[in-house]
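Using the hints, position chains B, C and D against chain A.
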Amino acid sequence: MRVHRNLQRLGALGLSLALGWWLWQGVTISPFQGITGPAARYIHGTARDTGAANVVAAILFDYRGFDTLGEASVIYTTVCGVALLFAKRRYRRSSHGLSFIVKRGMALLVPFILLYASSIIVMGHLSPGGGFQGGAVMATVTVLFCVIYGSSFEAARVSPKVKETIESSGALLFTAIGLIGLVTGGAFLTNSAAGFPRGMMGHLVSGGTIPLLNIAVGMKVGAGLSTLFYSMVKILEDPTESSPPEV
Amino acid sequence: MNPVLAIVAPFLAAFTIPLFFVFRKKWVGTAVILFGVLSALTALFVAAGGEAVTVMGGWQPEVGIALVVDSLTTAFLILASLGFSASLSAAAETFGYGPWRFYVLFFLSWAATNGIILTGDLFNLFVFFEIFSVAAYLVVAYPPRSWQAIEAGFKYLIFGTVGALFLLIGIAYAFMATGQLNMAILARVLPRAPEATLSVVIGCLVVGLFIKSGTVPGHFWLPDAHSSAQTPVSALLSGVFVKVSLYALIRLAFLLFGSADDRVFFVLLLFGTVTLCLGHLMAFQQEDIKRLLAYSTVAQVGTIVIAIGCASSGGVTAAVYHAFNHMAAKMGLFLVSGVLAEDRASRDIAQMGGLFRHRPLFVLAFCLFAASIAGIPPLNGFMSKWFLLVAAAERGALIPAAAVVAGTVLSAAYYLRPITAFFGPAETEPPHHRPHPVTGAIVALLALLCLVLALAPYIGPLKEGLLAVGRDTVNGARYIERVLR
Amino acid sequence: MTDPISTTLTALAAVMTVPAALYGWNAARSRLYRLLPWLFLLFAWQAITAPNWLVFVVFLELSSLTLFFFVLSKDRETAFLYLYSQLAGGACLLLGTALAARGGALPAVGAVPPGLFPLFVIGLGFKAALPGLHFWLPPTHSKAPAEASALLSGYAVKMGVFGLMRLVEAPSPALMAAGVVMAALGALQAPLQRDAKRLLAYSTLSQLGFIVASVATGTEEGRKAALLLIVAHALAKGLLFLTAGSLEEAYDTRDLGRLGPAARDYPLLFGLFLVASLSLAGLPFTVGGLAKGAVKAALADHALTQAVLSAAGMGTTMALAKMASFGFLSSGQRKGTGRPRPLPPLAWLSMALFAAALVMASFAALKTAGAEVATKNVLVDSLLLIGAVILFVRLPRIFRPDRTTPDVADLLAPAGRMLTIPLSRLRRLHSGHLTFYLALFFGATLVVLYLLRP
Amino acid sequence: MSTAFFTFLAAFLVVTALTASEAQDMLSAVIALSVFGVLMAIIFVILQAPDVALTQAIINSGLVTSLFLVAYSQTQKRGDDPDREDDR
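Same order as they appear, the protein sequences are chains A, B, C and D. Going left to right, the first sequence walks through residues 1306 to 1552 as our numbering numbers them. Going left to right, the second sequence walks through residues 21 to 505 as our numbering numbers them. Going left to right, the third sequence walks through residues 10 to 463 as our numbering numbers them. Going left to right, the fourth sequence walks through residues 90 to 177 as our numbering numbers them.
Chain A on its own, in the form it takes in the complex (with noise of 0.2 Å):
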C-alpha cells in the first residue's frame, strides 16, 4: 500500500513538472521597449482622465469598473451561497466568550480598526487601498466580536438583516453610479463624462465617481465577508458540544 501511495506521488509529480514545463516554456520576456497598449493609457492618462491620484483605483473603479462589479460580485454569490446552504435553524448562537482581560482590549482596539478601514476606502482613489481592502479589515472586526465575545453578542450589536441591508445597499448602490452614468453619459458607469465633479486632484473630493464605487464596494464586501464567517461559525456552536471549540 505504502508502494502504491508513493508511486502514486511521483506520478503527481511527474505530471507538475512536465506541466510545469509546457508553461515555463511559454513565458515570453520582452526586452523592454517601454510600456504601450492601454498600460500606457493608465499611466499617462489617469490625471487626466479621472483626477485621482491613484492609478490603481482609476483602473479598478473606472476604466474597468465593469470588471470590479463583477468581482464584487463574486463575492456577494459566494455570501449568498453559503448563508443559503448552512441556513439551519437549529444551530444556537453562543455567548461564550474569551476572559474580560481581552474582551476590554479588544474594545479599546475596535475604534481604531474602523477608523484605518475607513480611511482605506475613503482615501481609495488618493493612496493604496480601497473599498475591498477596507470592507475586508471591516469585516476582521466582526470576525473578532465573534471570537472574543461570542456569535450571539455579534448578532446582537450588528444584527444579520442590518449587514444583509448593508450588503444589498452597496450592490445596488454601485449599480445605481453606473446607471447615473448611462442616463447622462452615454454609457455604464461613466465618471467625467457624465457630469461627475473630477475635483482638485490630491484632494479628498477628487476623480468623480471613484470615491462612491469605494464606499459601494466597501459596504459589499465589508457586511460580505462578515456575514460569511457569522454563516460559518454558527455551525462551529452546535449544541451537542459542551463547550464552545478553542480556535
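Worth flagging that the hints you see were computed from the coordinates, not collected in a lab. Just so it is clear, the structure is predicted and the values come from calculations on it, not from any experiment. Glycine residues also receive a C-beta, built at the ideal position from the N, C-alpha and C atoms. Take these hints with a grain of salt, some might be off.
[To be verified] The calculated SDA-like cross-link candidates involving lysine to any residue, where the alpha carbons are at most 20 Å apart (straight line), are:
id: 1; chain 1: C; residue 1: 233; chain 2: C; residue 2: 16
id: 2; chain 1: A; residue 1: 1466; chain 2: B; residue 2: 42
id: 3; chain 1: C; residue 1: 233; chain 2: C; residue 2: 380
id: 4; chain 1: B; residue 1: 483; chain 2: C; residue 2: 16
id: 5; chain 1: B; residue 1: 46; chain 2: A; residue 2: 1470
id: 6; chain 1: B; residue 1: 45; chain 2: A; residue 2: 1477
id: 7; chain 1: C; residue 1: 385; chain 2: C; residue 2: 309
id: 8; chain 1: B; residue 1: 46; chain 2: B; residue 2: 109
id: 9; chain 1: A; residue 1: 1466; chain 2: B; residue 2: 49
id: 10; chain 1: B; residue 1: 45; chain 2: A; residue 2: 1334
id: 11; chain 1: A; residue 1: 1466; chain 2: B; residue 2: 45
id: 12; chain 1: C; residue 1: 233; chain 2: C; residue 2: 384
id: 13; chain 1: C; residue 1: 83; chain 2: B; residue 2: 398
id: 14; chain 1: C; residue 1: 233; chain 2: C; residue 2: 293
id: 15; chain 1: C; residue 1: 233; chain 2: C; residue 2: 375
id: 16; chain 1: B; residue 1: 483; chain 2: C; residue 2: 114
id: 17; chain 1: C; residue 1: 83; chain 2: B; residue 2: 439
id: 18; chain 1: A; residue 1: 1466; chain 2: B; residue 2: 46
id: 19; chain 1: B; residue 1: 483; chain 2: C; residue 2: 115
id: 20; chain 1: C; residue 1: 83; chain 2: B; residue 2: 444
id: 21; chain 1: C; residue 1: 83; chain 2: B; residue 2: 437
id: 22; chain 1: A; residue 1: 1466; chain 2: B; residue 2: 119
id: 23; chain 1: B; residue 1: 46; chain 2: B; residue 2: 91
id: 24; chain 1: C; residue 1: 83; chain 2: B; residue 2: 440
id: 25; chain 1: C; residue 1: 376; chain 2: C; residue 2: 14
id: 26; chain 1: C; residue 1: 83; chain 2: B; residue 2: 443
id: 27; chain 1: A; residue 1: 1408; chain 2: A; residue 2: 1449
id: 28; chain 1: C; residue 1: 233; chain 2: C; residue 2: 382
id: 29; chain 1: C; residue 1: 83; chain 2: B; residue 2: 119
id: 30; chain 1: B; residue 1: 483; chain 2: B; residue 2: 398
id: 31; chain 1: B; residue 1: 45; chain 2: A; residue 2: 1449
id: 32; chain 1: A; residue 1: 1466; chain 2: B; residue 2: 39
[As the list claims (entries may be wrong)] Restraint ranges, calculated between C-beta atoms of paired labels, are given here:
id: 33; chain 1: B; residue 1: 481; chain 2: C; residue 2: 429; range: 27 to 37 Å
id: 34; chain 1: B; residue 1: 214; chain 2: D; residue 2: 103; range: 18 to 28 Å
id: 35; chain 1: C; residue 1: 39; chain 2: B; residue 2: 57; range: 37 to 47 Å
id: 36; chain 1: D; residue 1: 103; chain 2: A; residue 2: 1464; range: 42 to 52 Å
id: 37; chain 1: B; residue 1: 481; chain 2: C; residue 2: 416; range: 50 to 60 Å
id: 38; chain 1: A; residue 1: 1314; chain 2: B; residue 2: 71; range: 49 to 59 Å
id: 39; chain 1: A; residue 1: 1314; chain 2: B; residue 2: 69; range: 50 to 60 Å
id: 40; chain 1: A; residue 1: 1314; chain 2: C; residue 2: 186; range: 57 to 67 Å
Then chains B, C and D, alone, in the frame of chain A:
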C-alpha cells in the same frame, strides 16, 4: 437598447431581493416573478436590437470594456432567456419563494450568463465565468439535505476551480504577450506572439473551457452535478450553463485561435469525438434516469464540440442549432423525469413501471423529447445532426461523423429503456400524486419549441438567421472591424 | 421519380398492405395498432418515390419504426433487435448520404461516388439482410405477428433491395457473391428449422439471394427479372406467412413437431398454402416460375451462380415440402384438445385477396412474357421441383422437426457478452476518486498542449 | 540584496506550498497556507503593488485562515483525509 441592461437587469434583481426580504417579506415572490419577466424581456430586446457595440465608461475599446452584440450573441441571448425563464418558473413551483437566497443566486447566474455572452473583453469574460461558476456550484449543492448534492457540488467546485485556473493562466499569458485584453484587438495582435506562448494560451483556454462545458476529460463533475441537483437546477445546468461555455469556445475558437490554425480544430474534433462516444456508452449503462440524462448531456456536448471543430460556417450553424435543440429537449426531459421520479419516489428506471397510465401527457412529452435528442428523423435533433454531418463531411472528418451517426443508434437504444419502463406494467401504484400545473405548461411549451425548431430549416427567416450566425462568426475580420470602428 | 420499378413497387405496397391490415384488424390491441399498416404504407410510398437519398433514408427509417411498434406488440426483445439493426443500417446510409452531399446538393437516389459504394451497400445490407447482416431476420420474422411478418418479408426487406437496384448501375461481383451466399445459406437453413415461421424466414433469405444476385448484374434485364421476382415473392410469402399465422392462431403453436392434421381441419387453408408454395417453389407457368426463369436468363453469363441458385431453389422446395408435410399433413402428432379454434372471416378474406393477387400476377406475367419464354425451361424446372420432393421423401431423418440447428441468432449472446467487457472498463474509469479524475485531466491537458505544439 | 532576498522568499514560498499540500496534519497545512499568504504579500510589496499586498495580507492570512480554522474544528481531528484511511 443598450446591451449592458441585459446584464444589469438580473443584477438589480439579485441586489434588491434581499432588501425585499428584510423590509417587505411578502413581496419577495412578486419581485422574483417581476424581475424574471424584466430580465427575460431586456435580454430579448437587446437581442432584437440588432448589432451593437458599447464600451463601459465611454472609453475606447482598447482601454475600457466593450460589449458586443452580433448574430452569435443574439442567438445565445435568446437561448439563455428561454432557458432561464423556463427554469425559474419550474423552480418557483418546486421550491416556493421561501429560499429567497436561491433566487438571488439564480439571478446572479443569469446576469453572469448574459455577461459571458455579451462581453468583448477577455478578462471580463473570466470574471463573469467566476460568478457563473460560483453560483452554479452553490445551486447544485442546494438544498443541503442530501449529501450526494453536497458531494456533487464539492466535486464541481474542485473541477471548476481547476478550469478557472487554466482560463486565468491563458488570459495572463495572452496579456503578457500582447498587453491587450480586448478580444478584437487580441485577434489582431495575438498571432504575432511567439509560437510557444501562443500554444500555451490556446491550450490553457481550451482546456479551461473543456472543464466548464463538460468535455472529456473535464466531464467528471457533470454527471454527479446534473443528477444530484434539484430538477429545475438540473434542467438549467443542462439546458443553459453547458451551452454558455460552448458559446465561449465558439467565440474564442474563431476569434483568437484563428481559423487558419488547424491544430486547435483538430484537438476539438478529437476530444469532441471521445466525449461523444464516452457519453453515449456511459449513458447506455445507467440505471438512474437522471444520471442517464446527464451522460446524454455529455454526449451532446461532444456533438457540439465536433460541430465547432468542423471550423466552417456550416459547423457553427450546426453547433448553434444543436444547442437550441438540446436546450429544448433536455430541459423538457429533466423536468418530466423530475416529476415522474417524484411520483415514484425513486430515480431507478426499473421502478418506473405504469407511469404512462398515471401521467400520460408527461410520458408522451418524454417520448417526444427523447426522440428529438436521439435524432429520430422528422424531429429537430435529426435536423441539426444532418447539418452537422454535412459540415463534417465537408471538412473530411469521417470518424467524428461516423461517431455521431453511431451515437444516434446508441441513444435510441438507451432512451427506449425508460420509455418501455413507463409503458410497462406496474407492481404498485405510484405513491405521490402532486399536481404540477406550471411544470406541465413549461413542458408543453418546450415540446412546442421542439416542433418549431424541427421546422426551422423550412422557415425562411429562421433558416437565414441560423446561416447568418455561422457566416458572421467564422468571419473574424468583420467582428474586429465592428468593434474597432 | 416514376419508372417501372417505382410504379410497380408503389402498387405492390398497396397490394401487400390491404390484406395485412385486414388480417390484423381483429387482433389489434387498440385502434392505434390498426393504424400502423396504413402508416407503413404511407412511409413506404414516400421512400419509394423519394427524390434523393436523404428523403429515402428518412422514410425508410420511419417505416422500420412503424414495423418496430408492430413487433413490439408481440415480443419486446425481438422488436429491439429489429430496431437497432435497422437503425444501424439507417445510420450507415445517413452517413453515406452526408458524405455524398459534400458538394452541396443532396444526392439523387441512384449511383453514388465509388468510394461511398461499400457504405451504401452495408447500410442497405442491414435492410435487405445481406449475409452477415441478416442476424435480425430469422428471429424477427418468426416472432412478429403474422401480418407484420408478411409486411416485413413481403415488402420491408424489398425496400432495401430497391435501394440496391437504384445503387447498382454496373456489374458488381462482390454483391453477386453476397447474393449467392445468401441464397445458399437460406436454402441450407430453411429445411432444417422446426419453427414454421422461421422456416419461411430463411426461405425469404434464400429468395432475397436470387434477387440480389440478379440486381448485381447491373443490367436492365437483371433489374427487370429482380422486380418480377420481388413481386412474385412478396405475394407468395405474404400469403405463406398469413397461413402460418393462421396455423398458430388455430393450434397455438408454430412448432412443426407439434402441428397436426391441418389439411383435414382446414382444407381451404391447405389449398391457399399450396397455391403460394407452388408459386414460390417455381412451378412453371406461375409468376414465381416465370420470375426465376427471368433471373436465370439474366444470369446467363454466370454459370456458377446459376448452378448454385438452382440448388438453392431445390432447398426452398424441400423447405416448403417440409412445412406441408409436418404442418398440414402429418397425422395427429399433436397432443391436446380436439377442435382447433375457428379462424375469423377477415383472415380468410385477406388470404383470399393474396391468392387472387398471386393468380392475377401469374396471368399478367404469362401474358407479358409470352408462351415461348414461359415454356423454355419447363422440363428442367419441373425436374428440379420433382427431384427436390423426392429427395425430401427419401431423406426423412434430415428433416425431422425435432432437430435443432445452429443459427446465426446463437451468436448474438456471445457478441453481447464481448461488448460488455469494454463497457465495464469504461465504467471503472468513473471511480468517484477525485484525485484520479484530476490526474486524468492533467494528463489530457498535456496531450492537448502536445497536440498544439508549434 | 534585493535579488538574494527575493530568491530566498521564492524558495520559502515553494517550501510552504509543499508543506501545505503534504502535511499529514490539517492544522499544519492551514498554518503553512497562512504563512504562504504572508510571503506572497511581502513579495507583492517588493514588486511595488501595495494595493494587492494589502488585500493579500488581510484576506489570505486573516479571513481565509480563520474560515479554514472554523472548518477544521468541525471535521474529524485525526489529521488525515479519508482517502488515506485504507493505507493503515
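Checked hints:
1. C/233 x C/16: 13 Å, holds
2. A/1466 x B/42: 6 Å, holds
3. C/233 x C/380: Given pair residue 233 of chain C, residue 380 of chain C holds - Cα atoms ~18 Å apart, limit 20 Å.
4. B/483 x C/16: 35 Å, violated
5. B/46 x A/1470: 17 Å, holds
6. B/45 x A/1477: Distance of about 19 Å is within 20 Å: holds.
7. C/385 x C/309: The given pair, whose Cα atoms are some 14 Å apart, holds under the 20 Å limit.
8. B/46 x B/109: Holds. Residue 46 of chain B to residue 109 of chain B sits at ~18 Å (cutoff 20 Å).
9. A/1466 x B/49: 19 Å, holds
10. B/45 x A/1334: It is violated: about 57 Å lies between the C-alpha atoms, which goes past 20 Å.
11. A/1466 x B/45: Between residue 1466 of chain A and residue 45 of chain B the Cα gap is close to 12 Å, so the pair holds against 20 Å.
12. C/233 x C/384: 19 Å, holds
13. C/83 x B/398: 26 Å, violated
14. C/233 x C/293: 19 Å, holds
15. C/233 x C/375: 15 Å, holds
16. B/483 x C/114: 17 Å, holds
17. C/83 x B/439: Judged against 20 Å, a Cα distance of about 17 Å means the pair holds.
18. A/1466 x B/46: 16 Å, holds
19. B/483 x C/115: 17 Å, holds
20. C/83 x B/444: Given pair residue 83 of chain C, residue 444 of chain B holds - Cα atoms ~13 Å apart, limit 20 Å.
21. C/83 x B/437: 17 Å, holds
22. A/1466 x B/119: Measuring from Cα to Cα gives roughly 15 Å; hence the hint holds.
23. B/46 x B/91: 41 Å, violated
24. C/83 x B/440: 14 Å, holds
25. C/376 x C/14: 19 Å, holds
26. C/83 x B/443: Given pair residue 83 of chain C, residue 443 of chain B holds - Cα atoms ~14 Å apart, limit 20 Å.
27. A/1408 x A/1449: At roughly 10 Å apart (the allowed maximum being 20 Å), residue 1449 of chain A and residue 1408 of chain A satisfy the hint.
28. C/233 x C/382: Distance of about 15 Å is within 20 Å: holds.
29. C/83 x B/119: 50 Å, violated
30. B/483 x B/398: 16 Å, holds
31. B/45 x A/1449: Measuring from Cα to Cα gives roughly 31 Å; hence the hint is violated.
32. A/1466 x B/39: Holds, because 9 Å separates the two Cα atoms, which is no more than 20 Å.
33. B/481 x C/429: 27 to 37 Å: About 49 Å separates the Cβ atoms of residue 481 of chain B and residue 429 of chain C, which means 27 to 37 Å is violated.
34. B/214 x D/103: 18 to 28 Å: 27 Å, holds
35. C/39 x B/57: 37 to 47 Å: Check passed, 43 Å falls within 37 to 47 Å.
36. D/103 x A/1464: 42 to 52 Å: 45 Å, holds
37. B/481 x C/416: 50 to 60 Å: Once the Cβ atoms are compared, 56 Å apart, the range 50 to 60 Å for residue 416 of chain C and residue 481 of chain B holds.
38. A/1314 x B/71: 49 to 59 Å: This hint holds: roughly 54 Å between Cβ atoms.
39. A/1314 x B/69: 50 to 60 Å: 56 Å, holds
40. A/1314 x C/186: 57 to 67 Å: 60 Å, holds
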